[in-house]
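Chemist: Model the full assembly from the supplied sequences, consistent with the hints where possible.
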Amino acid sequence: MLDVKGISYSLKNGRKILDGIGFSVGSGELCAVIGPNGAGKSTLMKVITGLINPSDGSVQFMKTDLMSLVPRARAKVVAYLPQITHAVSSSVSDAVLLGRKPYISWYPSADDRELVSDVAFRLGIDHLLERNVTELSGGELQKVLIARALVQETFVLILDEPVNHLDVKNQIDIMETTRQLTRESGLATLVVIHDLNLALRYADSVLLLDGGKQAVFCRSSELKSGCVSDVYNIPMDIREIDGRRCVIY
Amino acid sequence: MRKEILFFAVMAALLFAAALVGLHRGAGESSWGDTLSALFLSGKDADLEYFIYHLRLPRITAAVFTGMTLAVCGVILQNVLNNPLASSFTLGFSQGAAFGAAFSIIVLGAGSTQYNGSGVVLGNLGYVAAGAFAGSLTASAVILLFSFVRGMTPQGLILAGVAVSSFFSACTMLLQYFSTDSQLAAAVFWTFGDLGKGGWTEAFSMAGVCFIGVLFVLKYSWDYNAVAWGESYAAGLGVNVKRVRVLSLLVTAVMAAFATAFYGVIGFIGLIAPHMVRLVFRQAGHGFLIPASGILGGVLLLTADIAAQAVIYPVALPVGVITSFAGVPVFLGLLLRRSLKNA
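Quick note, the sequences are listed as chains A and B, same order.
Under this note's numbering, the first residue of the first sequence is numbered 1, with each subsequent residue one higher.
Under this note's numbering, the first residue of the second sequence is numbered 1, with each subsequent residue one higher.
Keep in mind that the hints were calculated from the coordinates and are not lab data.
Some clues are possibly wrong.
SDA-like, lysine to any residue: derived pairs with alpha carbons at most 20 Å apart [unchecked claim]: (1) B:219 to A:104; (2) B:242 to A:52; (3) B:341 to B:242.
Since the model is a prediction, treat every value here as computed from it, not as a measurement.
Modeler: Given below as structure tokens:
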């Protein structure tokens with residue numbers, strides 16, 4: 001169980017970016033983090049990963065304070081995929097192998113390489129292993145990065161806008177894969193996402209942020225259209241269509 | 001993998017061949033048989049044995065390890081500063097060394113010059129080298145201090161390097177303006193990279209520095225691979241990016257300071273060797289890039305040094321001129337080939 005308690009973070013000039021955020025995500029659960037631009041979603045992910053020290057609050061996993069761990073030890077608990085800015089020219093197999101970094105001393109072992117093959121097979125990207133990552137499509141690259149996070153063998157998985165710039169088919173593919181891996185590997189997964197319909201369709205719980213504050217944290221089946229409308233400041237309606245909850249705006 | 005092994009085999013063969021040519025040619029007429037028998041200390045030609053063991057072998061050793069050192073510094077600086085133009089030259093380390101040398105020569109009177117017919121020889125080389133070493137470390141200390149500043153980006157460090165470089169160049173010019181003709185000649189001569197400046201002590205020191213430095217950066221090769229994806233990625237993989245950056249800057253500063261203090265300013269190797277390897281091995285990680293750039297740097301500098309002595313024999317040209325003349329067309333050719341391939 002990932003426990004985030006009372007996280008606050010302020011810039012040096014005193015501007016509050018996060019204010020008293022608290023929620024829990026169980027193993028095998030996927031939580032969608034939603035909210036308008038500038039709501040503090042990415043900053044919160046960086047705090048949970050340990051890239052930013054919060055002004056207040058704590059992040060615990062199975063009662064272990066993640067803030068007290070050294071970066072290498074923390075990277076064995078939390079895998080973090082930031083938004084993609086650029087792909088570095090390397091083979092897919094080396095790009096995935098990089099996920100073993102917290103375990104590599106000088107050079108990766110044969111076991112590390114075997115794990116890469118296993119995970120690539122599991123994600124259906126084993127045919128890409130010799131390709132250069134710069135030649136992959138957006139969807140393929142995202143799967144490679146998820147494979148990298150999986151070989152990191154952590155308990156918590158954080159994905160920051162993994163479906164940005166992807167077509168609808170690839171968006172669904174990535175979210176299906178993420179949910180399936182979360183269930184199979186018992187991960188506590190956080191996904192920052194802008195598409196509210198994808199959030200409702202794939203997430204078990206939803207954390208809605210607004211201006212650094214926690215507007216709502218609830219099961220995705222319990223998310224009300226009123227609070228979403230208030231946060232985004234546009235009329236929105238959540239309706240059930242063919243047994244699936246959809247946001248209409 | 002086969003391509004990588006082939007690369008190292010070709011480089012080793014080139015290094016061996018260039019070393020043999022370097023041993024054979026130089027002052028004095030001798031046949032290949034004479035050279036080889038002198039190399040194995042047959043005692044037939046004492047003069048030739050002296051040339052080989054006291055002049056040519058230390059020079060070859062210096063060329064190989066200085067080339068390796070500069071190339072490895074280039075790979076690491078380009079990675080931790082996230083800039084393909086980063087090298088000990090662009091960061092101002094070399095200009096700092098040039099100022100240190102000029103200070104020793106002009107202010108402290110360390111460098112008297114003698115003209116020996118084929119080139120200028122600096123007296124009190126030890127003091128000039130000490131000055132250059134101090135100058136190079138001072139320049140790198142400024143960059144290191146900047147790297148400790150909270151929020152300082154790699155781009156900020158590059159700009160600081162450009163500023164430091166300009167500052168030391170201006171200081172050197174100021175010293176030169178108030179110097180005598182012979183001091184000016186000595187100071188300018190020092191800035192020409194010359195691998196004949198040192199003997200075995202310098203060559204062995206260079207080899208030691210290169211070995212320790214390469215071992216250090218190889219230990220961090222997977223950290224460099226992670227840093228290449230961006231700071232957030234690397235930090236998420238458990239890499240302490242700031243620590244890696246500061247330690248790498250420190251190690252490369254010391255490596256470059258030794259190379260520049262002993263042999264003067266040799267530009268371009270640190271820039272060209274890593275990029276040539278990257279252009280051919282596009283998917284290479286730092287576990288390969290570091291040794292591959294190192295050995296290529298050694299081959300390039302040794303070949304350039306032999307060419308520098310041979311082009312208008314008996315005058316020996318500054319080796320840096322040759323590295324640029326030969327390296328630029330090859331580099332531009334590779335760049336063009338890749339661009340056309342991607343078009």
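Chemist: When the structure is checked against the list of hints, which entries are broken? Sort them ascending.
Modeler: Violated hint: only 3; rest satisfied.
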